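Just so you know, the sequences run in chain order A, B and C. When we follow the working numbering, the leftmost residue of the first sequence carries the number 1, and every step to the right adds one. When we follow the working numbering, the leftmost residue of the second sequence carries the number 1, and every step to the right adds one. When we follow the working numbering, the leftmost residue of the third sequence carries the number 1, and every step to the right adds one.
Don't read these hints as lab results, they were simulated from the structure. No experiment lies behind these values; they were computed from the predicted model shown. Keep in mind that the hints are not guaranteed to be accurate.
Covered, in the sense of this in silico footprint (three residues per stretch, anywhere, with C-beta under 8 angstroms from a C-beta of chain B), are these stretches of chain A [stated by the list, open to error]: (1) 106 to 117; (2) 129 to 140; (3) 151 to 157; (4) 195 to 201.
Here are a few chain B residues that face chain C, going by a calculated C-beta distance under 10 angstroms [claimed, not checked]: (5) Asp5; (6) Ala7; (7) Pro8; (8) Ala9; (9) Ser12; (10) Pro122; (11) Asp136; (12) Asp139; (13) Asp269; (14) Ile303; (15) Arg314; (16) Arg427.
Cross-link-like lysine-lysine pairs, in silico, DSS-like; alpha carbons within 27 angstroms at most [what the hints assert, rightly or not]: (17) Lys122(A) / Lys73(B); (18) Lys115(C) / Lys262(C); (19) Lys49(C) / Lys283(C); (20) Lys283(C) / Lys222(C); (21) Lys283(C) / Lys48(C); (22) Lys48(C) / Lys326(B); (23) Lys73(B) / Lys58(A); (24) Lys65(B) / Lys85(B); (25) Lys39(B) / Lys19(B); (26) Lys47(A) / Lys58(A); (27) Lys47(A) / Lys241(B); (28) Lys85(B) / Lys137(B); (29) Lys85(C) / Lys283(C); (30) Lys283(C) / Lys326(B); (31) Lys408(B) / Lys58(A); (32) Lys122(A) / Lys148(B); (33) Lys85(C) / Lys115(C); (34) Lys85(C) / Lys326(B); (35) Lys148(B) / Lys65(B); (36) Lys122(A) / Lys65(B); (37) Lys341(B) / Lys434(B); (38) Lys148(B) / Lys85(B); (39) Lys148(B) / Lys73(B); (40) Lys19(B) / Lys326(B).
Beta carbons: idealized from backbone N, C-alpha and C, even for Gly.
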Amino acid sequence: MSERVTVAKTYKLYIGGAFPRSESGRVYPVQDNKGKFVANAAHASRKDVRDAVSAARKAFPGWSGATAYNRGQVLYRVAEMLEGRRDQFVAEVTAAEGGRRGASIVDAAIDRWVWYAGWTDKIASVLGAANPVAGPYFSFTVPEPTGVVGVLAPQQSSLLGLVSVLAPVLATGCTAVVVSSEERPLPAITLSEVLATSDLPAGVANILTGRAAELGPWLASHGDVNALDPIGAEDRGALAREAAGTVKRVLAVPAEEPDWTARPDISRLRRYLEAKTVWHPMGD
Amino acid sequence: MAVFDYAPAPESRDLANLKPSYRPFINGEFVDGSGEPLKTINPATEEVLAEVGTASLSDVDTAVKAARRAYEKVWGPMPGAERAKYLFRIARLIQERSRELAVLESLDNGKPIKESRDSDLPIAAAHFFYHAGWADKLDYAGFGPDPKPLGVAGQIIPWNFPLLMLAWKIAPALATGNTVVLKPAETTPLTALVFAEICQQAGLPPGVVNILPGAGDVGQLLVRHLDIDKIAFTGSTEVGKLIQREVAGTSKRLTLELGGKAANIVFDDAPLDQAVEGVVNGIFFNQGHVCCAGSRLLVQESIVDEVMDKLRYRVSTMRIGDPLDKNTDIGAINSATQLTKIRELVEAGEAEGAHRWTSSCPVPERGFFFAPTVFSDVHQSMRIAREEIFGPVLSVLTFRTPSEAVTKANNTPYGLSAGIWSEKGSRILSVANKLRAGVVWANTFNRFDPAAPFGGYQESGFGREGGRIGLEGYLSV
Amino acid sequence: MSTPTLPASLDDATRDDASLRRFLHGLPGVDQVGVEARAASLATRSIKKAAKLWAINTAISMVDLTTLEGADTRGKVRALAAKAKRPDPDHPDTPQVAAVCVYPDLAATAVENLKGTGIGVASVATAFPSGRSNRTAKLADVALAVESGASEVDMVIDRGAFLEGRYGQVFEEIQAVKAACGDAHLKVILETGELATYDNVRRASWLALLAGGDFIKTSTGKVSPAATLPVTHVMLQAVRDWFTSTGELRGVKPAGGIRTTKDAIRYLVAVHEVAGEQWLTRKLFRFGASSLLNDLILQRRTQLDGHYSGPDYVTVD
């Protein structure tokens, strides 16, 4: 009796809660870390970026307007779903990145979702303020999500790096358009499947596979993208110059990918939040 | 006398202690700048007030070196509690010399003395007081233990609130342990140079504060200078974008406070008389030279006639003229260039079919003046509803429902400020929540306080000034 | 309950108690911080030289020279009348005051001593200052004033009824007093210090205007706070709004606590800029005051003589 032939997965994009192919019809082959063909990934185009940004914008009012408690539950649900597919991710991450740390990387990625899930309903009380102004006014400052964030995900760390840059965007109430690692895109697409089944509203996270060098400039210059994380890009200076055209918030990121297993802090949350100060007189 | 004509009540020009010439301030000394000197004029009379030395590339280098040295040897290592005392001293000196500074500011800028006296000067002093207190308490600012300064900050400020913007920039920079090289605006350098004198009087170590007068080219030298760690800019969105582009890809940190086209939304349940007052304050304060000016009035259709009647009457009582007269409500436009820009946009408004009403108040023949103007029948597509006019010109639009008001208010690439007028608490909170603006004034407008963060969304810039959050722009966090 | 000349919308407002309540509660609110900031800002106007002298003369001509004490006598009222006619004997060109304001039992004395001068006699009435009596007693008080020849009646509203929300009762009482006044002008004292909020001041102002008051007046002078600038702003705004909707000019009288020329000038600036220059006449604006007159005279002398004067140079009455 011959060995069963496995059913191979077709990896597609994740836009607006759906899994379309690239509108360009392009794909590119993805190899594992030993150079063996694993699958074809969709090779997203600028029009896919456009569609993803418009999906993210459409999702923004709902997601930013959801209660922080609700966002926390959704993010925690992502961790639950990821936990359930732990073995699959360990296999994919190991295939992509090699080495023997696949399991601990996936565990850290799951824990990262839990960490950010807990932040959603605390960050406003940590960063907000009642302002003691010199006059008969009640003045308070609340952090609010900046809007649509373009993320060029880390090229090396295909899952933990991705989660470490995506989760804070979602935790603040922003929506995201992510360009995954070019050579290690498959964990990102599998993560999309987790996101799609975690009560995350459609369009809140959109994940494109393809080349950061090709898609980055479109994200950086897009008039409806409010912030940009260029960590997975090579020519960050050029992207930042593009981003200046619409006064985007561009994250200052280290030259080399950091150690993603290190304990995170709230600096990424801060970058995606706008302080809004509200004044009202106090009188009879 | 048939009517109540207020006799002129001018503040004495002598109080300004105006000198024939002013010089750049580098490393604790006033020095001859090697740039082409500029002449600063009184926009109310077009007379030359003084000649001001400007900086060249070599002066910028010297100033940055002085700032670097002061940062490394003196200011950086100094305990916060000691830095604080210098800032407190500066605050006191500003208060002591506030009358002189107010008159000088009104002479150089054109703003009415009542505003420089009652607003610019007190708030400038308050900023130093507020930030002085932070200098030894940064451990508690929420950025982790012992947050570090960035180093040398290059700061570029506009002409609309010359001394106040200086205070907004220098106070937090110094409190957090940075040293600064600041460029005041080309048309309003004088109070910054008196501030330099105050730094001397306060015994501030040389190099901690350097003031380099000059035009945009000096600003560009600062932005491009390799030994500057941080650029803070307040000014137009156009220039802000250029600066962001210059700084892109470098390790310089950047905060931008740029333009705006704020909506001031009046609902039918507003406290109408105070709303009208707030609308007037929102657009005519400082001749409308305010980035957060409420330049788009959105009125609920059901009350538009009543609001327009009250508004026109109220605006007709405003007095335009000599900035030094204590009864002047609207002073001079800061420069001929700005006046031309205002006129051009007003003409565009008329050409696009909006209905223009201009107060018939007497306008001085000399100097740069523009009578307060209100456009009604304005639509979102018109230039006067989209572009920042930066002058005493209000565009009035209408809306029918709260959601339409929010949509129209947010329909701009800017996002600095907004106003809401309503006596319904839940509506105020809901609309405030939906407005995409860094400052929302409800039943008030144009309130500023060092304890309250200020800054914009989107193309109005990034970073905040004031409050705990404002420290972030000067700390390595 | 309606007044014949009103536009339909205002006429409807007074149809019944419920309409009146709906109307008064439908008026735009007054933001305390906003109105106080506006009043403070307008108070920084600097009035100098010719404008100051004009303001002092105008203020003198607007004074309702007042004595409202239990210890008032005919002698006191005669002295006041003399002062009203010639406020500053050394400067005979000093304007006469607008009126002398007394209790009703002394109105006749005032009338007698001011005959032919053009100076009005204002009498308080309606169980002044508390207004706590029945309608009969209040109207009897008004009748005494009018029969004594008072040309102006300063009534108090029933603050208790107002604060209980019985607006109809307050309205009818003002109307009844107005009817009893005949040709005498009616000033309606709101006693704003007891109404407590600016919203109430605005409602009471409109109530008094709807009921036919010729003037709305802040205070009796017996309750603290009496007149304040922001309260006067709200009332000036009300008469302006009244004019806008009806075309009728009604007056405002702040009373109590205005003691200095500086204060008086601030009020005139408010009249000028909040209501409009039309109101800068004693027909439409009065000061209810006693000691204010002497300060105005002192300051007038300073303006004319070019040096400071002293209290011994003005008469104590």
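Going down the list of hints, with the structure as the test:
Closer than 8 angstroms: that is the beta-carbon criterion, and the stretch 106 to 117 of chain A has 0 residues meeting it against chain B, so the requirement of 3 is violated. Counting residues of the stretch 129 to 140 of chain A whose C-beta lies closer than 8 angstroms to any C-beta of chain B gives 8; at least three are required, and the coverage claim holds. With 0 residues having a beta carbon nearer than 8 angstroms to a beta carbon of chain B, the stretch 151 to 157 of chain A misses the requirement of three or more and the stated coverage is violated. Using a Cβ-Cβ cut-off of 8 angstroms, 0 residues of the stretch 195 to 201 of chain A lie near chain B, which falls short of the minimum of three, so the contact claim is violated.
Interface restraint check for Asp5(B): the shortest CB-CB distance to chain C comes to about 6 angstroms, inside 10 angstroms, so the restraint holds. Annotation: interface hint on Ala7(B) holds; nearest CB of chain C at approximately 4 angstroms, less than 10 angstroms. The beta carbon of Pro8(B) comes within 8 angstroms of a beta carbon in chain C, closer than 10 angstroms, and the hint placing it at the interface holds. Checking Ala9(B) against chain C by beta carbon gives a least distance of about 4 angstroms; that is within 10 angstroms, so the hint holds.
About 13 angstroms separates the beta-carbon of Ser12(B) from the nearest beta-carbon of chain C, more than 10 angstroms, and the hint is not met. The restraint placing Pro122(B) at the interface with chain C is violated, with a minimum CB-CB distance near 13 angstroms, outside the 10 angstroms limit. For Asp136(B), the shortest C-beta to C-beta distance to chain C is roughly 34 angstroms, which exceeds 10 angstroms, and the interface hint is violated. Interface restraint check for Asp139(B): the shortest CB-CB distance to chain C comes to about 36 angstroms, outside 10 angstroms, so the restraint is violated.
Annotation: Asp269(B) was flagged as interfacial toward chain C, and the flag holds, the nearest CB pair being 8 angstroms apart, inside 10 angstroms. Interface hint at Ile303(B): satisfied, since its Cβ lies 9 angstroms from the closest Cβ of chain C, which is below the 10 angstroms cut-off. For Arg314(B), the interface hint holds, since its Cβ comes within 10 angstroms of a Cβ in chain C; the closest pair sits about 9 angstroms apart. The restraint placing Arg427(B) at the interface with chain C is violated, with a minimum CB-CB distance near 13 angstroms, outside the 10 angstroms limit.
Between Lys122(A) and Lys73(B), the direct Cα distance comes to roughly 40 angstroms. Violation of the 27 angstroms bound is thereby established for this hinted pair. This hinted pair does not check out: Lys115(C) and Lys262(C) have alpha carbons roughly 32 angstroms apart, beyond 27 angstroms. With a CA separation close to 25 angstroms, the supplied pair Lys49(C) and Lys283(C) stays within the 27 angstroms bound. For the given pair, Lys283(C) sits about 25 angstroms from Lys222(C) by alpha-carbon distance, which is consistent with the 27 angstroms threshold.
For a cut-off of 27 angstroms, the pair hint linking Lys283(C) to Lys48(C) stands: about 25 angstroms separates their Cα positions. Between the alpha carbons of Lys48(C) and Lys326(B) the distance comes to roughly 11 angstroms, so the proposed pair stays at or under 27 angstroms and holds. Using a Cα cut-off of 27 angstroms, the hinted pair Lys73(B) and Lys58(A) is violated, with the two alpha carbons roughly 53 angstroms apart. Between Lys65(B) and Lys85(B) the alpha-carbon distance is near 25 angstroms, which keeps this suggested pair within the 27 angstroms criterion.
Between the alpha carbons of Lys39(B) and Lys19(B) the distance comes to roughly 12 angstroms, so the proposed pair stays at or under 27 angstroms and holds. Restraint check for Lys47(A) and Lys58(A): satisfied, since their Cα atoms lie roughly 16 angstroms apart, inside the 27 angstroms limit. Annotation: proposed proximity of Lys47(A) to Lys241(B) holds, straight-line Cα distance about 26 angstroms (limit 27 angstroms). At roughly 13 angstroms between alpha-carbon atoms, Lys85(B) and Lys137(B) fall within 27 angstroms of each other, so this suggested pair holds.
For the suggested pair Lys85(C) and Lys283(C), the alpha carbons sit about 18 angstroms apart, so the restraint of at most 27 angstroms is met. Using a Cα cut-off of 27 angstroms, the hinted pair Lys283(C) and Lys326(B) is violated, with the two alpha carbons roughly 30 angstroms apart. With a CA separation close to 17 angstroms, the supplied pair Lys408(B) and Lys58(A) stays within the 27 angstroms bound. With a CA separation close to 25 angstroms, the supplied pair Lys122(A) and Lys148(B) stays within the 27 angstroms bound.
Between Lys85(C) and Lys115(C), the direct Cα distance comes to roughly 11 angstroms. Compliance with the 27 angstroms bound is thereby established for this hinted pair. Note on Lys85(C) and Lys326(B): the hinted pairing is violated, with a Cα-Cα distance of about 36 angstroms set against a maximum of 27 angstroms. Distance hint between Lys148(B) and Lys65(B) is fulfilled; the C-alpha atoms sit about 20 angstroms from each other, no more than 27 angstroms. Of the supplied pair hints, the one linking Lys122(A) and Lys65(B) is violated, its CA atoms being roughly 43 angstroms apart against a limit of 27 angstroms.
The suggested pairing of Lys341(B) with Lys434(B) is violated, with an alpha-carbon distance near 32 angstroms, which exceeds 27 angstroms. Proximity of Lys148(B) to Lys85(B) is assessed by CA-CA distance (about 19 angstroms); at most 27 angstroms being required, the pair is judged to hold. For the hint linking Lys148(B) to Lys73(B), the alpha-carbon distance of about 15 angstroms falls within 27 angstroms, and the restraint holds. Pair hint Lys19(B) plus Lys326(B) holds up; C-alpha atoms about 23 angstroms apart against a cutoff of 27 angstroms.
The structure fails hints 1, 3, 4, 9, 10, 11, 12, 16, 17, 18, 23, 30, 34, 36, 37 (numbered hints given earlier, in ascending order).
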